[in-house]
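Visitor: Each chain, letter by letter, is given below.
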Amino acid sequence: MLTGASEATPDAIRDRVRAFLAEHDPAEMGKQDFNNARFDAGLAWVHYPEGLGGLGVSRTLQAVVDAEFAAAGAPTNDPERNGIGLGMAAPTILAYGSDEQQQRWLRKLWTAEEVWCQLFSEPGAGSDLAALGTRAVRDGEEWVVTGQKVWTSQAHQARRGLLLARTDPDVPKHQGLTYFAVDMTAPGVEVRPLRQLTGEAEFNEVFLTDVRIPDTDRIGPVGAGWKVANATLMSERVSIGASRAAPRESGMIESAARTWRSRPELRTPGLHDRMLRLWTDAEVARLAGERLRQQLAAGQPGPEGSAAKLVFARLNQEISGFEVELAGGDGLRYDDWTMRRPEHANFYGRGPGYRYLRAKGNSIEGGTSEILRNIVAERVLGLPAEPRVDKDVPWKDLPR
Amino acid sequence: MEGPTQVNDRSAAKGALPDLLYSDAERALSDALASLLADRGGLDKTLARTESAQTYDDKLWSSIASDLGCAGLLIPERDGGAGASYREAAAAAEVLGSYVAPVPFLGSAVVATAALLSVGSQGRLLAKMADGGVTAALAVPFATAPGPEGSTAFPASVRVAGPKPGDAATGVARLRGMVTGVADALPASVLLVPADGVPNAVYLVDMTAEGVAKAPVTSLDMTRQLCDLSFDDAPATLIASGQAASRAVDAALAAGAGVLAAELTGLAQRCLDMTVAYVKERRQFARPIGSFQAIKHRLADLWVSVSQARAASRYAAACLAAGSPDVKVAVALAKAYCSEVAVTAAQECVQLHGGIGFTWEHPAHLYLKRAKADSIGFGTAGAHRAALASLVDLPAS
Chain F
1 MLTGASEATP
11 DAIRDRVRAF
21 LAEHDPAEMG
31 KQDFNNARFD
41 AGLAWVHYPE
51 GLGGLGVSRT
61 LQAVVDAEFA
71 AAGAPTNDPE
81 RNGIGLGMAA
91 PTILAYGSDE
101 QQQRWLRKLW
111 TAEEVWCQLF
121 SEPGAGSDLA
131 ALGTRAVRDG
141 EEWVVTGQKV
151 WTSQAHQARR
161 GLLLARTDPD
171 VPKHQGLTYF
181 AVDMTAPGVE
191 VRPLRQLTGE
201 AEFNEVFLTD
211 VRIPDTDRIG
221 PVGAGWKVAN
231 ATLMSERVSI
241 GASRAAPRES
251 GMIESAARTW
261 RSRPELRTPG
271 LHDRMLRLWT
281 DAEVARLAGE
291 RLRQQLAAGQ
301 PGPEGSAAKL
311 VFARLNQEIS
321 GFEVELAGGD
331 GLRYDDWTMR
341 RPEHANFYGR
351 GPGYRYLRAK
361 GNSIEGGTSE
371 ILRNIVAERV
381 LGLPAEPRVD
391 KDVPWKDLPR
Chain E
1 MEGPTQVNDR
11 SAAKGALPDL
21 LYSDAERALS
31 DALASLLADR
41 GGLDKTLART
51 ESAQTYDDKL
61 WSSIASDLGC
71 AGLLIPERDG
81 GAGASYREAA
91 AAAEVLGSYV
101 APVPFLGSAV
111 VATAALLSVG
121 SQGRLLAKMA
131 DGGVTAALAV
141 PFATAPGPEG
151 STAFPASVRV
161 AGPKPGDAAT
171 GVARLRGMVT
181 GVADALPASV
191 LLVPADGVPN
201 AVYLVDMTAE
211 GVAKAPVTSL
221 DMTRQLCDLS
231 FDDAPATLIA
241 SGQAASRAVD
251 AALAAGAGVL
261 AAELTGLAQR
271 CLDMTVAYVK
281 ERRQFARPIG
291 SFQAIKHRLA
301 DLWVSVSQAR
311 AASRYAAACL
321 AAGSPDVKVA
331 VALAKAYCSE
341 VAVTAAQECV
351 QLHGGIGFTW
361 EHPAHLYLKR
371 AKADSIGFGT
381 AGAHRAALAS
391 LVDLPAS
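Going down the list, the protein sequences come from chains F and E.
For the first sequence, position 348 matches number 348 in this note's numbering, and the numbering has no gaps at all.
For the second sequence, position 358 matches number 358 in this note's numbering, and the numbering has no gaps at all.
Next comes chain F alone, as it looks inside the complex (with noise of 0.2 Å):
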């Protein structure tokens, strides 16, 4: 066995996805049960605890195990289809949830058996996510919950979500909040498609009438939702701005500069600078990204997520800005206004317009870039916070 750190080198962990390929043969099992003893021999997310899916080992181990089961041609566990599950959820649930939580959720979570989704959002508190209204009242070992969320991504493909209610609207906003996981079939949750400025509907509204929530879908303590859900916003940020070890020119920078390269005739000395910049600002902004990753290797996200996010929002922005101009007449162009329902943001599968416009939310959503500076000047800084109207009163005095 290996259980201890000696133990965890790269060709040892080899060795152990070897053992298991000799006894699980991808071409002859389901996906999903090829998937579920994965999960079950710690090879899924070799960082999670033994039990978990994991080894308890380093998280750069994860590359080594993830090339020796491409090479042997098993399937993936679909991680595009569930982001914000292993994103956001699994890491919220393995530092709240309760032992009988992460037995129960985890397995079906890492396999995508379960796509999760994150119900926080309300129309009236996006940056002010802590003053949201959706009402969650105790009714024996069940809560009750009423309200609206918005900007849901994949709710109409979750099984599950997690959820951010107010259990308490006789305490200040923060101290109030509590922290659920919502069966997204259970009676009373309705998901409608939010149509976005793509003209596609990548995110969801989703109205809470009367749900029942059993107790035992509680993450932590009732009065906590607050710091449960600041941990599903650090990981959240940490993904979308740096999901994972990238090679050079990739990501929005790499159509640009294909584009430069077999279009000679587009050139201008302007526009060369433009593209030089950005290239370069794109190539750093990949080192500092890989220097999160080794960052979050020896330990957990901290606010330097917010910076990886700050400058991915930018980037994508003046990169996306700047091919459509570069693309000149045909950056006039659009490739279909369709109100379509994808699976997921395709920046690349598209064109160069549905880029400008797509990446115009990446500095809204998972947080605000204007709410991430603030981060940065407070938790990074150390800069005083403004002077705050909204701290001690309660929240149901607050003005509206």
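Bear in mind the hints are in silico, worked out from the structure with no lab data behind them.
Be a bit skeptical, because a hint or two may be false.
[Stated by the list, open to error] Result set (PhoX-like, lysine-lysine): computed pairs, CA atoms no more than 25 Å apart in a straight line: (1) K128(E) / K59(E); (2) K214(E) / K59(E); (3) K280(E) / K391(F); (4) K396(F) / K45(E); (5) K391(F) / K227(F); (6) K31(F) / K108(F); (7) K296(E) / K391(F); (8) K45(E) / K59(E); (9) K296(E) / K280(E).
Guided by the hints, dock chain E onto chain F, whose structure is given.
Guide: Chain E alone, transformed into the frame defined by chain F:
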């Protein structure tokens, strides 16, 4: 206006600057247009129209064109027009930009009209355009920039083909080729087509003639939907050739870029106004978000930029109106500056509206798409800065 000019070009920049304010007549026109658009050009209707088969609002255009006389602003009174100038046309464009109005004012009343006025002796056609009965478009890609020297429309993508039997008697020429991404040609009944031949020339083509086809383009800005035009031995009438043809296209492109700068100014102002109204009303952290300095300062900066843009676009309009020798500088300056201000204003509008600004139902995206498309239309900021480099003698090397 006070203060010395900063332009280091020759004679034109040394004189007194023209009036950069709005005359009473221009204000009256703007007010009348704004009230018509507030009544008839609601943004919800404009948004719905972008997904319909008729992206241009013909009825609205008819009212703007004939009831308010906007189609004939640049057309002399002797040809049935208003005998006004580019100052009034620019004032109208500002209002149309502030409503992202889906009407072919720019293409017909400015660009095509400028070409015809340059050609001269087209009084009968101009008279039909003046009352809105005929809408015309210059068949060049919307992205075409006015060149600093000589026309950029030649060589053209359309050429003169061999005559058909009987053409010699009627004087009809035949055109063959394709022009992509043309603005305001979808609702046009007459096309002015630059075509290569010996010499190069501009031709009149009836949109309904045999051999003429238009294909609507799925455009970034569906409030000014582009189309691709193709000519397959289409019958055409020569209206200008050689130098006169180049001059006509140049005049049209300069007018288009200059008036587009005014449209962008109006659009930027509206984005600023919408955003200011929203941040006063939207509360987060138990206070209006406009009370945060981070938001205030951005909007203050934007107001400053829009004020600058207005000066630039007014100067371009005044120079176009007066036939000033500084007109090329004025147009390049205005289009370079206003393009960037308007895109910034629209981007800030989306961002500061937060989630709602990213939705399809909110009109902010109509402004973003119009601003981005207009920033490319008749030359990007970069193209106009490059034009300035030679116009004001600041060469790259």
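Visitor: Compare the structure with the hints numbered earlier in the document and write down the numbers of the violated ones, lowest to highest.
Guide: 4
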